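Trainee: The primary structure of each chain is shown beneath.
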Amino acid sequence: MSGFLNSTLTALFLYIVVAQSWNLIGGMAGYASFGQVAFYGVGGYAVALLMLDASLSFWVALPLAAVVAGAYGLLLGLPLLRLRGEYFAVATLVAAAATQALASWQPAFTSQGAGLTITTVGTRQTTPYLGAGGFTLLFAGLALLSVCLVAALTHTRLGYALRVVRDDERLARAVGVRAGATKLTAFALSAALAGLAGGASAFRLVTVTPGQMFDPTITVLTIAMVVLGGAGTVLGPVVGAIVLTALTTAVDAVLPASRDLVLALVILAAVVFVPRGIGRGGQRVRLPAYLRGPRPPQHTTLLR
Amino acid sequence: MSSALANGALSGGLIGLAAAGFTALWRLTGVLNLAQGALMVLGAYATWVVAAALDAPAGLLAALLIGALIGYVLQRGLLNLLLGHPGYLALAGTFSVGLALDSLATLLFANDYRVVPSAITSTVITIGPLHLLAAGLVAFCCATLGTGALAYLLSQTHFGLALRAASIDRDAGRLTGLPVPALFGVAAALSAAAATFAGGLLSLTGPFTATDGNQLLVLIAAAAMIGGAGRLWRAFAAGVVLGGIQATVGYLAPAALADAAAIVILLVALAPRALEARTASDGASGLGGLS
Amino acid sequence: MRLQVDKLTVMRRQSAAVDGVDMQIDAAELVALVGPNGAGKTTLLRTLAGLMSPQQGSITLLGTDITGLAPEARVKRGLAYVPEGRRLFGALTVAENLELGCWCHGERDLGRVLDLLPELAPLLERPAASLSTAEAQLCAVARAIAANPVVLLIDEISLGLSPAAAGRLFSLLPELVSTGVAILFVEQDVGRALSVADRLYALDRGRVVAAGAPGELLVHQAFRGFELGD
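Protein chains in written order, with the numbering used here: chain A, 615 to 918; chain B, 140 to 430; chain C, 293 to 522.
No lab work stands behind these hints, which were simulated from the structure alone. Be a bit skeptical, because a hint or two may be false.
Calculated Cβ distances over 10 Å to all of chain B for the following chain C residues [to be verified]:
| id | residue |
| --- | --- |
| 1 | 389 |
| 2 | 439 |
| 3 | 448 |
| 4 | 456 |
| 5 | 480 |
| 6 | 497 |
| 7 | 501 |
| 8 | 507 |
Part of the chain B face toward chain C, derived, beta carbon under 7 Å [unchecked claim]:
| id | residue |
| --- | --- |
| 9 | 192 |
| 10 | 194 |
| 11 | 196 |
| 12 | 208 |
| 13 | 316 |
| 14 | 317 |
These numbers come from a predicted model, not from an experiment. Don't be surprised by glycine CBs; every beta carbon is placed ideally from N, CA and C.
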């Protein structure tokens, strides 16, 4: 396979993993996390530190990174999942910024701002660098794992409980769903998936810096993919990841300097034109949507 | 150290003004404008460009106008269309607007630190044990006035009354004859102008760069969350407190830890809200009025 | 002709909630809209007010086509609507609610409204959320009158009101009509609608099944299915 194809496929599979990780908490549980990148970063740093300081093999470090990120998700989720709606969104955004701030401050993480470099050559290497083809396979495996996890979850008790929590949390409690534990489990699983993605990326990138591993753009890109494909579905995030990979690849080839600008415009277009996802029809927002739930006051006109 | 605390609190006033605008729009339309930090940076650049050609007050005026224009267009062109859809769409939308503004600024001005040369930038006023930066003091007064003007417009005028009515019930507002889409547009214009004006003041008091937007957003959002939806003066005060704490921690420890400290305070401040959320249902109707 | 509705069709969930309705209302006319639950009365009024958009047909106010206008633009042209559930601004006072009703013409003089509804005067400083159902309905009608409408639409005018409170509202309607306002109101109680209105439209499954003055309608086929009030 050519290098271009490898890097494109790797990006696609990485996007699928992070999109499914957001889908678990944002799409299935209805808790829109704006701090998903925190777990990606924590996973990345876990792999880097475990390989450097504990001299562990990558194949041991990666599952451990998922555990660490999942545990961090539990830690953050305990206070944050008590918040609803925009409070939750902003609290997670701020928590991710705090995580980045802590990573930038901790000298062991940054080595004076230059970042950590995983040893991949020489006698001190713990695992040989996988190479382009190897990483494509690794990410393909992770993507498959994430899709299978979400698909399996939709048919389990946890999946049903999540949907009840998403649609009406008080109703969920009333019918005996343990809403708190359900949300926390989903959040931890979601964090672990993001941690896997971050851990694998760290090894691929070799050098990790806080600015790169905790870039909030990653969070928004993730949300955009899920929105584009259809939140709460199994295949929606995959579709979204394919679309975004195609777009980022094209933009990088043509206008690399204005990548963020173009991405922002794409996300805006996605939000306005396909708010419910491509899979569920490209209904435009401005079409009136009559009678939306029984909660008064009902706003039936959309503002033009 | 007390001077560091005082100067930090003064610059926190700028965060406070932007947070007042942020929380007003949140209360009125239910949208958290995650572009508020990027708007602040935009205001700083607008002031920097115009102040170089004319003078600082003209620069501030330019910041105010460009903020109002962007806010109005943002509301009419994006946020009004997203009312009634899941809240994270509007959040993702405003965040991308912020991202677009950030990357535009980076493309146009590169990542260098900029500072507006001004006569009062380096003047120091000594009051007792405090050594205050004159520019910071003036900017703080302007930010206080700005917050006051915003609070007056929203709570004391007929326009503010119409806006509050529209935020209580959009359909009823339209049936009463209120031009709700335009009213929301003006609300967003005021909110964004608060951010760009605060950014303009920021550029007159110290250096800034195109990538400051996210850090500013975190502080603005934190101040607004601590203050609560629609609590303009509480958000302003929270901004001042956050600024003071950040400067003090930054004086004693590395700057990055200062951000973390501000965030820990936010999480502590959110705890009571977390408990409220368990008993009360969510939604704008449960939030307090404008004050 | 104050308000003219031509072949109006409104779809809701793939079926026509309002199906080819024609309607004319003249100045100073008091017109009732009756029909069983789900007949499309509220959908028709909401469409006239601009909250829903029709798939077909047109709405003409004072000779101008207003079919595509936003609700607030219709209010400015003289079409006011008292919605089901009243939808007062609960956190604001009665006076503020009434002042907002004046928004479209800019004069903030409540004197005219209070002349018509003097019982609101002592309530002016109360939050609208604290009003009783009867007071709230009066306030909602007053808020709509404050806009100086030429056509006033009132949904479920007496729903949830005591007979005395409903009587008060029905005594207000002829007074309003005498000032030249045309009124179209929805009433569940066909007997009362027959006794008050100049004309009636009976709606069933989205279609006008009968229309005319009370005397003509009493013998009409379509009214046999309706429950007459006491």
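Trainee: Tell me, in ascending order, the numbers of any earlier hints that this structure violates.
Mentor: 1, 2, 9, 10, 11, 12
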